[in-house]
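*Asks:* If you want the building blocks of each chain, they are given just below.
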Amino acid sequence: MSELPRIKQEDVPELDREQRLVLIQREAMQFMPSDGSAFPLASPQNGYYQLPMLKKPSWSWEVPLYFFVGGAAGSAGMIGAVAHVTGAPAEVVRDARRIAFAGAILSPALLISDLGRPARFLAMLRVFKPQSPMSVGVYVLMAFSAGATAANLGEWLERHRQFSRIAVFMQNLGDIVALMFGLPLVTYTGVLIGVTVIPAWNKNVALLPAHFAASGMAAAVGLLELMGHESPALQALGTGAALMETGMGISIEANPDPAVEPLKRGTSGWLIRLGGVLSGPVPLVLRAFSFFSKGRRASKLRKYAAVSSVVGSAITRAAWIHAGSVSARQSRPT
Amino acid sequence: MTTSAFLTDSTLCIGCKACEVACKEWNGVSSDGLDWSGLSYDNTMALGARTWRHVKFVEGIPEIGKGGNDPAGSPWNFSSDVCKHCEVAGCLEACPTGALVRTEFDSVYLQPDVCNGCAYCVVSCPFGVLERDQEDGRAFKCTFCYDRQKSGLTPACAKVCPTQSIQFGKIDDLRDRAQKRIAELNDRGITDANVWDPVNTSVGGTHAIFIVRGDPKMYNLPPNPQVPTESLRAAWTSAAIAAGFMLAGTLMAFLGAGAKRV
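Here the protein sequences come in this chain order: W and S. Residue numbering for the first sequence follows this note's numbering, starting at 1 and increasing by one per position. Residue numbering for the second sequence follows this note's numbering, starting at 1 and increasing by one per position.
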C-alpha cells in the first residue's frame, strides 16, 4: 500500500471536505487486491479471492472471561486442598476455597450468558463424549463446582458449630473433588482451543494447556495475595508461575511458523505480548525485589506483582481468542 | 443403509444459483442479506448458517484471441460448494450435545432442537462450513436433505440443477463417474480438470466430491484437510504433565513453607 498524501492547512481551504476524500480513498484501498493484480483473483496461494477458508470463533466476551475465571478458580481449589492437607494457616485455606467457590458459581453463569438461555447449558449434560474437549470440560466444571461448594458449605457448618462430623467430612470430600477436577479445569481450556482447526491455536496444541495452567496458577496466587496472604509458599508458587509464563512467552516469540503470525503481529500479537509481559517478567522482577526487601516495602512489591499477574492472566485469555479470530481470517487452503 | 454422496461437476456448472435458491426454499432457510462483494458475480462469498449451497465464481485472466469455449483457456469457472459430510467429521466429534449425528445415509446431520449454540463445531470444521447464526444463536448447516432422502427423493439442489452439475448417488458410482468425466474432458483437450476427493487425509474421505478446473485451492478446497481430533493426544498429554507440575509444585511450596515455620 502506498503512502497517503499529507494535507496541510495552507494548501487546502476546506480541510474537512478534503480530509473526507482521504478517508474515502483509505476505505477504498482496503478492497484493493494485495497481490498487485488489476482485479481480485482466485489463486492457489490466495485461495478463493483471499476470503478466509475457515470460520472465526464466534464466542462472545464471556468465553475468554470464563477461561480466566475457571483457571483462577481451579487453581485456587487445588491450592486450598493442598494447603488444608499440609496444615497451612486456616485463613489461606478458607480464602482459597472462597475463590474456588466464587469461580464455580460465576463460570456456568458466564457460559449460559454466552449460549443465550439456561436450558441450552443443560443440553451439554445429556451425553458424555470423551473425544470432545467441550464435553469433558463441562463435566469437569460441574464436578469442580460440586466439590468447591461442598468444601465451603462444610466450613460454614463448622464455623457455626453445626453437624461437626458431617462438616469435616464435607470439607475433606469437597477438597478432594476440587483438587481432582480443579487441575483439569485449569488445563482443559488449553486443550479446548488447541484441538481445533484454527492454525494459530492448533500449532500450539502442546503449549496451550501448560500455558493456561501457569496463567491460572498466577491468577489464583495473585488473588490470594491481594486478599492479604503473604506466606512464602504463595511467593514460591507465584515465582514459579511467572517463570513458566516467561518461558512460554519466549517460546511463542521464537516460533518461526508463519501460521502463528497472529500471535506476534498486529493488535492480537501485541495483546499476547502485553499479557505475557504482565504475567511473566514483570511479576518475576517484582517478586525478586520483594524477596530481598523487608517489611511494608516487600509486601507492597508483592501486591504489585499480584495485580500484574491477575491482569496479565485475563489479558492472555482474551488475546488468545482474538488471535484465533485473526488466524481464521488469514486461513488459506493447504 | 446407503452411502449417498454429491458429485459437483464444475465443468458443467453455469452459475445459475438454482441450487442456492432451491436449498433455501425447501429447507426454509432465511435470507442472509445482500452485500456487494466486488468478487466476480459472487455476493454470498462463503457457506454459512444461512447458506448451505454456495456457487463460487472463479475468474481467470482472459486472454486475447481465446473465447469462453476454448479448451486451452479457462477464463471463468463456477462451482457449487456444499458441506462435505466428512467420513471422520470434526464437527461431529466436537459437538458436546450430540446434536450432530451420523445418519443412515452416512451424512452428518445437525439436529436444531438439540443444538445449544456452543459454537465448538464452528472451529472444528476444516472447511469452514458451520457457522453460528447471530440472531438465533445456534449453528446450522446442510442437512443433505435428510427429510427428502428419507422419502427416497434426491436433495433439492441436485433436483433443480439444470445441467446435472450436481449429481447425487452412491459414493462409489460417483467416483467412477468422475473418473470417466475426467477422461472425457481430456479427450476434448481440457487437461486441467481434476477430482477433489481427499480420501487419504485425516478426514478419511468426504461425501461431497468435486470436479474442478485448475488448482482446487482456488476454490478454497484444501488438498490436505485435517480433522482436529488428530491433536487430542498431544493436547491431553500436555494437560496431564502441566497438572502434575502444578500439584507437585504446590505440595512442595506448602510443605517447604511448613518446614520453615517449624
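Just so you know, the hints here were simulated from the structure itself, not pulled from any lab data. Quantities reported herein were computed from a predicted structural model and do not represent experimental measurements. Note that the Cβ used here is the ideal one computed from N, Cα and C, for glycine as well. Errors might be hidden in some of the hints.
[Unchecked claim] What follows is a set of in silico ranges between Cβ atoms, one per label pair, in the way DEER data are often shown: (1) S/Gly-256 - W/Trp-156: 25 to 35 Å; (2) W/Phe-289 - S/Gly-244: 27 to 37 Å; (3) W/Ala-109 - S/Thr-3: 35 to 45 Å; (4) W/Phe-289 - S/Asp-136: 31 to 41 Å; (5) S/Thr-163 - W/Ile-105: 52 to 62 Å; (6) W/Pro-118 - S/Gln-179: 17 to 27 Å; (7) S/Asp-32 - W/Arg-159: 25 to 35 Å; (8) S/Val-114 - W/Trp-156: 32 to 42 Å.
*Asks:* Falls inside 35 to 45 Å, the C-beta gap from W/Ala-109 to S/Thr-3?
*Replies:* About 44 Å separates the Cβ atoms of W/Ala-109 and S/Thr-3, which means 35 to 45 Å holds.
*Asks:* Is it true that S/Thr-163 and W/Ile-105 lie within 52 to 62 Å of each other by Cβ?
*Replies:* Holds: the Cβ-Cβ distance is about 59 Å, inside 52 to 62 Å.
*Asks:* Is the distance from the Cβ of W/Phe-289 to the Cβ of S/Gly-244 consistent with 27 to 37 Å?
*Replies:* holds (31 Å)
*Asks:* Take the C-beta atom of S/Val-114 and the C-beta atom of W/Trp-156, compute their distance, and say whether it sits inside 32 to 42 Å.
*Replies:* Cβ of S/Val-114 to Cβ of W/Trp-156: about 38 Å, so the range 32 to 42 Å holds.
*Asks:* Quick check: does the Cβ-Cβ distance between S/Asp-32 and W/Arg-159 fall within 25 to 35 Å?
*Replies:* With Cβ atoms ~57 Å apart, the hint is violated.
*Asks:* Is the distance from the Cβ of W/Pro-118 to the Cβ of S/Gln-179 consistent with 17 to 27 Å?
*Replies:* About 53 Å separates the Cβ atoms of W/Pro-118 and S/Gln-179, which means 17 to 27 Å is violated.
*Asks:* Just to be sure I understand the hint, the distance between the Cβ atoms of W/Phe-289 and S/Asp-136 should be within 31 to 41 Å; is that true here?
*Replies:* violated (53 Å)
*Asks:* So the hint says 25 to 35 Å: do the beta-carbon atoms of S/Gly-256 and W/Trp-156 match that?
*Replies:* holds (30 Å)
Figure legend: structure checked against the earlier numbered hints; hints not met, in rising order: 4, 6, 7.
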